[in-house]
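Chemist: Relying on the hints, combine the two individually framed chains into one complex.
Those protein sequence lines, which keep their order, are chains S and R.
Per the numbering used here, the first sequence runs over residues 6 to 286.
Per the numbering used here, the second sequence runs over residues 241 to 531.
Hint data in this document are derived by calculation from the structure and do not stem from the laboratory.
All values reported here derive from a predicted model rather than from experimental measurement.
The reader is advised that the hints may include incorrect statements.
In the DSS-like style, the derived pairs of lysine-lysine whose C-alpha atoms are separated by at most 30 Å in a straight line are [as the list claims (entries may be wrong)]:
no.	chain 1	residue 1	chain 2	residue 2
1	R	257	S	111
2	S	184	S	115
3	R	257	S	230
4	R	257	S	184
5	S	115	R	257
6	S	111	S	277
7	S	277	R	257
8	S	277	S	115
9	S	184	S	111
10	R	494	R	308
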Amino acid sequence: MIVRRQSPLNILADSLRWVVFAVVALVVNLPVLSTILTSFKTDADINAYPPKWIFTPTLDHYRTVLTSPSVDYLHYVMNSIVIAVLGTIFAIVLTLPAAYAIARYKVGAKWLLPIITNLRALPLIIFAIPFYFMFQTVGLLDTRLGLALISCIINIPIALVLFVGFVQDLPRDFDDAAKIDGASMGQILRHVVVPLSRPVMLAVFILSFIYSWNEFLFGLILTTKSAVPVTVGATFFVTSRGIEWGPTAAAMTIGVLPPLILGLFAYPYMGKSMLAGGVKG
Amino acid sequence: MSSVIAFEDRERRESRKLLVGLCIFLGVMLGFPVIVNLWYGFADASFENLTGSFIGLENYRDALSNPKMWQALGFSLRFALICTLFEVGIALVLVFILHPLLVTRPWLTAVLMLPMMVSPALMGVMYRLILNEFTGIVPVYLEMAGMAVNFLGRRSIYNTVVAIEVLQWTPFAFLILATARQTVAYEIEEAGAVDGATGWHAIFHIFLPLMRPAIVIVLFVRFIDSFRVFDHIYVLTGGGPGNLTTSISIYIYKLFFVQRTIGEAVAVSTLLLVMSLTLIVLAMRLVVRRN
Numbered sequence: 006m007i008v009r010r011q012s013p014l015n016i017l018a019d020s021l022r023w024v025v026f027a028v029v030a031l032v033v034n035l036p037v038l039s040t041i042l043t044s045f046k047t048d049a050d051i052n053a054y055p056p057k058w059i060f061t062p063t064l065d066h067y068r069t070v071l072t073s074p075s076v077d078y079l080h081y082v083m084n085s086i087v088i089a090v091l092g093t094i095f096a097i098v099l100t101l102p103a104a105y106a107i108a109r110y111k112v113g114a115k116w117l118l119p120i121i122t123n124l125r126a127l128p129l130i131i132f133a134i135p136f137y138f139m140f141q142t143v144g145l146l147d148t149r150l151g152l153a154l155i156s157c158i159i160n161i162p163i164a165l166v167l168f169v170g171f172v173q174d175l176p177r178d179f180d181d182a183a184k185i186d187g188a189s190m191g192q193i194l195r196h197v198v199v200p201l202s203r204p205v206m207l208a209v210f211i212l213s214f215i216y217s218w219n220e221f222l223f224g225l226i227l228t229t230k231s232a233v234p235v236t237v238g239a240t241f242f243v244t245s246r247g248i249e250w251g252p253t254a255a256a257m258t259i260g261v262l263p264p265l266i267l268g269l270f271a272y273p274y275m276g277k278s279m280l281a282g283g284v285k286g
Numbered sequence: 241m242s243s244v245i246a247f248e249d250r251e252r253r254e255s256r257k258l259l260v261g262l263c264i265f266l267g268v269m270l271g272f273p274v275i276v277n278l279w280y281g282f283a284d285a286s287f288e289n290l291t292g293s294f295i296g297l298e299n300y301r302d303a304l305s306n307p308k309m310w311q312a313l314g315f316s317l318r319f320a321l322i323c324t325l326f327e328v329g330i331a332l333v334l335v336f337i338l339h340p341l342l343v344t345r346p347w348l349t350a351v352l353m354l355p356m357m358v359s360p361a362l363m364g365v366m367y368r369l370i371l372n373e374f375t376g377i378v379p380v381y382l383e384m385a386g387m388a389v390n391f392l393g394r395r396s397i398y399n400t401v402v403a404i405e406v407l408q409w410t411p412f413a414f415l416i417l418a419t420a421r422q423t424v425a426y427e428i429e430e431a432g433a434v435d436g437a438t439g440w441h442a443i444f445h446i447f448l449p450l451m452r453p454a455i456v457i458v459l460f461v462r463f464i465d466s467f468r469v470f471d472h473i474y475v476l477t478g479g480g481p482g483n484l485t486t487s488i489s490i491y492i493y494k495l496f497f498v499q500r501t502i503g504e505a506v507a508v509s510t511l512l513l514v515m516s517l518t519l520i521v522l523a524m525r526l527v528v529r530r531n
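Chain R on its own, in the form it takes in the complex (with noise of 0.2 Å):
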């Protein structure tokens, strides 16, 4: 007996070697920025000057004092949680609406992803070409139907950048949501509930309680993709005009290639960081606990 737990010992030891590789490169691929990060916050570095000196809590007071992080900050977090209510209510209603053809039709699933697959800075430069004010399909569109639109204009750039991350991902909430909407048919046929429940009361009682775990899920991964955002943005509008648009990713990309000012970048993503690890964190905690 105690051989066997001494094999099995070994063997563990054995496979420890095979993480190895990973490990180190994750290390080195993850250890030097964190030191860079640690002291770049604290210390005054220039483009001219790479080393700097230490000078304290300096870097993070400007960055908090900044009205312009608050801006940016404000805006990510509206714009993460607008897409994900638009994203997540949107699939959810196609889920129920077309179900009946995707049980036996998989191919249509795969068209209604097919934006998932675009690179998101290409797909803001493909809205900019269908968008445009003067032979953009959509504005001209629109304009015979009496309706003058000028999505990129300052009135409507806010709504329209929106609209792009909806209309990119909602086919990603689409399609967890229509594989749980899948999974739950058949325990419920597995379980013969399907007698009497019928149509609105199936869906509000048996459907949306049971795909709850997945609704949860998506909501967490679109928030936090959505949160994030640069792409798309930067290549439409640069994060303006003026910082309309400007995210807290783009805040810092503007923040150390346009204004260089190194410290005050590396206080903002640090912040960053702490932030979004949180909301992981609370995140992970509220899955694992419903589930």
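Just chain S, with the same shape it has in the complex (with noise of 0.2 Å):
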């Protein structure tokens, strides 16, 4: 590490580079933020002129939100929680043995890593039509399993990256231990990785989370009413009953406290996340 001198130019420099951030940090933050505050405010304070900063915070638009009988907005919540932590677990139970069998054996490591992480490159809207039809003829329109199916598609990849990563970090000797005591690989794995990649598996857990979550098309697309997920039920607020802002802020703030929540314990992995496709061969 560089160790700085504090000359007056250096502590004026930092200061400035503190002015920067907190400019960058606010303006990039600035939709979220102003969602929460109006979220608290009474109807009046929502359109008051100039815009009030301080003010009495009120429940009522949660209580409209979470009882307003024309949009199940209750409902809504449960339905993402309910695909998102299937989709998620789906994708772990479907990608840890692989990735155990692409980074210790190298099987697959040719096509399959390739093919998978560059899955999540490829524009969703390709997808939607085909699905729409396939879970028409198999019915799993409108339904949390299709959109936990479709969630698990989309958290393969980043599940498969930080699996492989893992493995590849996990000392061989565990396993020929297990192999001498005579352990199968199916032993092996439940036994000696599963218990081993309980960090990397929460770090998977958040962000597959996370992805569901937020995921908008398909939840668009392939529902109507029975398995609606957060981010479309909440658009219903800005079409069907006009804009009401304080509902729907609230709305939004329930929609997004979670990912936020959640995203702030996996963004050390956030990036490495997110470039698991395109452009790694």
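Modeler: Structure (structure tokens):
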């Protein structure tokens, strides 16, 4: 590390850096901040001119959103939770064994890994029409299971890349010791790899939860009523009732907080997961 | 010796079983769509007559001769190019300004990363809230400052849509480039090459060249991601006014779910698949060769 001398010039430069940081942080986070504030304002405060920054908070809009008879928002929140959790579990179950085979024995490393990582880079709309017909045929339209399968596909690339990296870093001695004791590959996976993979599994879980939760296109196309996720349901407040900013802001806040909070734990993995695609051969 | 090889062979063969689940799942989930796309691309199917009959290349002819397709494709390419350049450019400048603060305080990076965790669809709605003419805080304060802008009006909607993408994804470019900047710094300290080269000189002759692989990767990833943009534009404008903000993804969506022309929609999405694959293969070649 380079030791900086605290000359007046350096102090000035550092304060300028803080100013730049503050401005950028404010600008990029402004929509979220403003929406959260708006969700706690009364209608009168929302329409106040100039905008009010200090006000008495109210939970009215949350009450409206969660009890609205025309938009069943609580149900959409549940849908999103179920879809994200199911899709994430599917993805982990499918990719962890495969990652072990790929990382340890180089089976499929040349073709399967590139195919899957490049999946993330394809425009999702390409899959939209065929999935619509496929789900219609097998009765998965507007079901949580259907969307969970989609979210599984979306999450497989991230999960696979993170798991392959994990197994590569895992010392071979662990599974060799188990092998000498006569453990089968399945047993090694279950009793050695899975317990040791908890931290990376948590990262995969958080990241795929965020991606599933934020998914919009398939929710829009493949659901109409019973399996509508939060991202789609939140837009109902905008279109179907004119624009009532209070309830809309409350709905947004509910829809945005879970991934935001989870993301703070997973942000060190964020870049890696987003690079999982396109340009990694 | 041969028994060791035989043992390893057996292990490899056994390990293939671990891929079976994933391969079957992908086979079904991707194989079926391919079959559907192949048939509907060459059939005159409609929502009333779902099977349709074979009509050859007519759908593709319709798709390619529709000026709106070229308009949407042009929008997506232009949008992706502009957004990528802004995102990577701004991120690079910020990386060099903020680096000294970030090395000791990782939480600052986390604060800047927050927009990445927000659903682009919800981000679109939130921008609608802060940009709307009457109560949106941005237009209100601009008006007070004597600059009235209608961000969601016909004249500025294109720039608004670009700005939202840039504001949401510059953090991603920043995260990757900041990491690369840090890695380069360690390499240089190890090599002891830091003597003499300072300021602009160090940036242009040491850091930027060493960061080139990361820059190229970020450029490609952001280009590919912006090229397929759907969520925030759909929520904000629905592709309008007219076709002003119709990206290729939104165009396909409209063809299928609004105009209900199955064949043409499938033909365009097949063309999009071919284009995307070409782009990805090209990107891989370039990046792999450079690294």
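Chemist: Hints first: check each against the structure and report whether it holds.
Modeler: Status of the hints after comparison with the structure:
1. R/257 / S/111: With a Cα-Cα distance of about 13 Å, the restraint between residue 257 of chain R and residue 111 of chain S holds, given a limit of 30 Å.
2. S/184 / S/115: Satisfied, since the Cα-Cα distance of roughly 26 Å is no more than 30 Å.
3. R/257 / S/230: Not satisfied, since the Cα-Cα distance of roughly 39 Å exceeds 30 Å.
4. R/257 / S/184: Given that 30 Å is the threshold and the Cα spacing comes to 17 Å, the pair holds.
5. S/115 / R/257: 17 Å, holds
6. S/111 / S/277: Since the Cα atoms of residue 111 of chain S and residue 277 of chain S sit roughly 21 Å apart, the hinted pair holds (cutoff 30 Å).
7. S/277 / R/257: 28 Å, holds
8. S/277 / S/115: The given pair, whose Cα atoms are some 20 Å apart, holds under the 30 Å limit.
9. S/184 / S/111: Measuring from Cα to Cα gives roughly 18 Å; hence the hint holds.
10. R/494 / R/308: 11 Å, holds
Checked against the numbered hints above, the structure breaks only hint 3 and satisfies the rest.
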